[in-house]
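For reference, the chains in residue letters:
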Amino acid sequence: MTVEEHARRHPEVWCRFSPRQTLVRYAWYVGIVFVALWSVRQLEIPWLYFLDAHVQAGDLLVRMFPPDWAFIEEVLDPLIETIHIATLGTAFTFIIAFPIAFLSARNTTYNDLTWLIGRFILVTSRSVNTVVWGLVFVAIFGPGPVAGIWAITARSIGFLGKLIAEAIEEVDVGTVEAIEATGASRLQVLWIGVLPQVLPIIWGTVIYRWDINIRESTVLGFVGAGGIGIILYSSINLFAWREVGIILISIFVVVVFSEFVSAAVRQRIT
Amino acid sequence: MSSPAVYPTAWKPPGLIGNPAARRGLVALVVLYLLWSFGTIEVDWPRVGRGFPRAADLFSRMFPPDFSRWELLLKGVGESVQMALVASFFGMALAVPVGLCAARNLAPRPVYLLARGIIVITRTLHEVIVAIIFVKVFGFGPLAGVLTLFVASLSFIAKMLAEDIENMPPGSLEAIRATGASFPKLLVYAITPQILPRYLGVSIYRLDANIRHSTVVGIVGAGGIGQVLQASFNRYDYDFSLAILISIVALVFIGEFFSAWIRGRLR
Amino acid sequence: MLTITDLFKRYPTGQRALNGVSLTVDLPQVVAIIGPSGAGKSTLIRCVNRLVEPTSGSVVLDGTDITKLSRRELRRARRRMGMIFQEYNLVERLTVMENLLSGRLGYVGFWRTYRRRYPPEDIRMAYGLLDRVGLTGYENTRADALSGGERQRVGIARALMQQPELLLVDEPTASLDPKTSRQIMRIIVGLAQERGTPALLNIHDVVLAQSFADRVIGLRAGKVVFDGAPNGLDEKVLTEIYGEEDWSTTVARGEDEDEGRKPPRRRGDMESEAAVG
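Chains as they are written, first to last, in this note's numbering: chain Y, 1 to 270; chain U, 1001 to 1267; chain E, 2001 to 2277.
One thing to keep in mind: the hints can contain errors.
[As the list claims (entries may be wrong)] Which residues of chain Y face chain U? A partial, calculated answer using Cβ under 10 Å: (1) Tyr26; (2) Val30; (3) Val35; (4) Thr124; (5) Arg126; (6) Val128; (7) Thr130; (8) Val131; (9) Gly134; (10) Gly142; (11) Ala147; (12) Ile149; (13) Glu216; (14) Phe239.
These are computed hints drawn from the structure, not numbers from a lab.
For each residue, glycine too, the CB sits at the ideal point set by N, CA and C.
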């Protein structure tokens, strides 16, 4: 072994990345920072506001305390309505999303057209936020919880449908084959061969979405679609911060509670 | 058949809940609750009845979508994207210290509890609620929106990061500690390599989520395309609303595609 | 009586699985189909009840050409053929009884399926079959709580619930240990003989085929290369079916090739990860 060869095999410097990799990496870093800075500039953020931001925030917190506990009576009904909107919206979603999920799964759909229709419905539903759906349904049904329920339904169909369709596409093919081999009809294959396999996932997803919907329905009131958001909106606009404090606390409690229930139920059924 | 035994001719599947009383009780409870919620929801039936003709009217006024004010539209979309980018960038950066503090196996108990508390509170309140509070503090405009999305990103990424660190196999941490490494060295050698891919993936996912959420925070006046949408609905400018909705769907699509592409490359 | 004539199957990938298979099963006998992996054993069996659509050729069962049936008629024809699978293919989350009763799906309407209300004679038959395959008392056990051998017993009982005129058996023992394999084979062959039902049985274990079948068909590259009594399987025949090997002990086992082997992680993946990080 010559000296050069030995030197080549045992270099004194070791680098994890080749120069090219390092270059690409730094190009990414610079690009990301550049995009972020450019965006900040474009947004024309009034930086002066930040000088007294901590004062403002502290002030806000001080004004929220002590919360106006007497106000809880006014909060209770809208809070219950919020939960109802979430539950009924989820229930309707389940009824509507169930057949759509079977249409949107490659292995249970009828033909390419039905698959495309199913996918289209799911994508449209998913791409529009619950609050935006709320705007649309308030324009249709007028302000109130009915618009809220439909807004929740409209958004959740895409969520449930997509996850259920994915579960259907992952069912064990052998089982379906075996049921087909007995001479079962298409509906029977779905009912005996497919459904039992996806049922736990369906229930899990429904409960999970219910929990998300509770959180979503707390803001539907901002566009007039019912629930606690309505009084939260008016209290904020009246700068009644002690009321806002109690509303935020109650929302917090309900959301944490629903998350807990959802997690507990999902753990039991799977 | 060899055995001449007489076999039963009836069979019922065992229920999910063995005890029939408990099963019926549960069903009754659910039904009662649904009835109650149906009953207490205040429905203005005549107004709902008018809803279907109104829906038809709404859709007829939505078509064809009006893209003539595309400059306003483009400005709104651009603002939404910029808000999402800025919020993701700062959220991603500040999520690192918060995430480290919220990892049970790294941080001291009080720090851990404080960080977890921040994460839980910010995660529980809906973005739009946070947005409206920021609007009240900082006034209308994208600043409130950026801050909202920033807070949401911060707590989301920090939570994921903390969970990843907690789920790390303790062996590699111990091995590096055993070499006598200090805490910063531990970070660089034991934690970063294990967590980095997931952290980047979560951040990119959050950018995608921020783009989606940036379209709604505007509804309470926090800037972006949502603000334009809200205004168009208030003015019954439905053909413009549809144009905005289509743009939002397209934007969300591009965001999702981009995020999936990047995350695919990270793997 | 089953008559298969000039059956061809070519998969969309271009792979030719069957190259003109013709055979007749006219006696209530157990016919074992042996051959190396990829010889078309599974395709042949699945073409009989059209779980795989044959490209050309005909499959005639008691006068009806299965290959020419409409979907609806095919369902009626499938009722007459019970099938047993290598991976059992039970509905894991249903009870043993529900799995057995699913063998009657071709005979009951959807409403009965929906309510799980099957005719009393079906239920009596199911209890009888549970006894026969040695699973007495298991009716309320969920299928995912059973061992492999027990699952295959349920699979056999489900197929027989159809009161089939023909049994199609696809590698019934490939996922089982040797002792359980023999028990399962004994049950299948016993039931076929008791009921006078002919059975078409894929198997890659030559010794099992020799000890349980009445007739052996050797398949190689989608063609029948041997058809005769099990004692006709000598070294020459086995070489013709499987290729050159030392067959003197006649303990030949078809090899399961690369199943469950993970592909190694590609180096390129790691690099791209690092490049972005």
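Checked hints:
1. Tyr26: Violated. Min distance 16 Å.
2. Val30: Cβ of Val30 of chain Y sits 13 Å from chain U, so the hint is violated.
3. Val35: Interface hint status for Val35 of chain Y: holds (6 Å vs cutoff 10 Å).
4. Thr124: The hint holds - Thr124 of chain Y has a Cβ within 10 Å of chain U, the shortest such distance being about 7 Å.
5. Arg126: holds (8 Å)
6. Val128: With Cβ-Cβ at 7 Å, under 10 Å, it holds.
7. Thr130: holds (8 Å)
8. Val131: holds (5 Å)
9. Gly134: holds (9 Å)
10. Gly142: holds (4 Å)
11. Ala147: holds (9 Å)
12. Ile149: holds (8 Å)
13. Glu216: holds (7 Å)
14. Phe239: Cβ of Phe239 of chain Y sits 8 Å from chain U, so the hint holds.
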